[in-house]
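Peer 1: Sequence:
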Amino acid sequence: MPASSVTLRRLGIAGVCLVSLALCCGLAWWQWERFSSASGTFQNLGYVLQWPLFGLFPAFMFWRIRKLRRQAAEVDAQETVAETTVPEVPAPRQRRAPAPSPAEDDELAAYNRYLRELNARDQ
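Using numbering that gives the first Met the number 0, the letters of the sequence shown map in sequence onto residues 0 to 122.
Please note: incorrect hints may appear among the correct ones.
[To be verified] Here are the in silico distance ranges between beta carbons for each label pair:
| id | residue 1 | residue 2 | range |
| --- | --- | --- | --- |
| 1 | Leu-7 | Phe-56 | 18 to 24 Å |
| 2 | Phe-41 | Ala-2 | 48 to 54 Å |
| 3 | Gln-42 | Arg-63 | 25 to 31 Å |
| 4 | Gly-25 | Ile-64 | 24 to 30 Å |
Derived from the structure by calculation, the hints contain no laboratory data. We put the beta carbon where it would ideally sit given N, CA and C, even for glycine.
Let's have the full structure, built from the sequences with the hints guiding it.
Peer 2: Structure representation (structure tokens):
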């Protein structure tokens with residue numbers, strides 16, 4: 000994309016974000032007026048707090064999308080570097096038999112003998 004179209008696109012997005020914020024702040028003001036009136040309820044007060052958040056949401060999404068694109072570009076760059084280097088494969092590990100416990104109590108030894116007998120019967 001040419002640089003001028005990117006700049007125009009960013010200006011358009013910034014304009015939409017500002018219009019959204021202005022519109023939602025206007026709606027928040029309207030809800031504040033409703034809350035202040037004789038027939039106002041706490042639901043109107045909730046909307047007063049909610050509308051500015053709705054107005055900020057497009058700007059948040061624009062920021063979030065830019066952040067995710069930047070992270071994706073960094074990951075792609077790292078993968079490109081990783082593809083050019085040959086990874087070293089480590090040698091396979093040798094399995095070791097578990098070391099016998101030095102201090103086996105009599106009860107545990109009897110239980111293990113019982114399990115070995117059961118296993119021998121099943122075989």
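Peer 1: With respect to the beta-carbon atoms only, verify the hint that Gly-25 and Ile-64 lie 24 to 30 Å apart.
Peer 2: holds, 26 Å
Peer 1: Look at the Cβ atoms of Phe-41 and Ala-2 and judge whether their distance stays inside 48 to 54 Å.
Peer 2: holds, 50 Å
Peer 1: Starting from the hint 18 to 24 Å, judge whether the C-beta atoms of Leu-7 and Phe-56 obey it.
Peer 2: For Phe-56 against Leu-7, whose Cβ atoms are near 23 Å apart, the range 18 to 24 Å holds.
Peer 1: Evaluate the given range 25 to 31 Å for the C-beta pair formed by Gln-42 and Arg-63.
Peer 2: At roughly 30 Å between Cβ atoms, Arg-63 and Gln-42 fall inside 25 to 31 Å, so the hint holds.
Going through the hint list in order, the structure satisfies each hint without exception.
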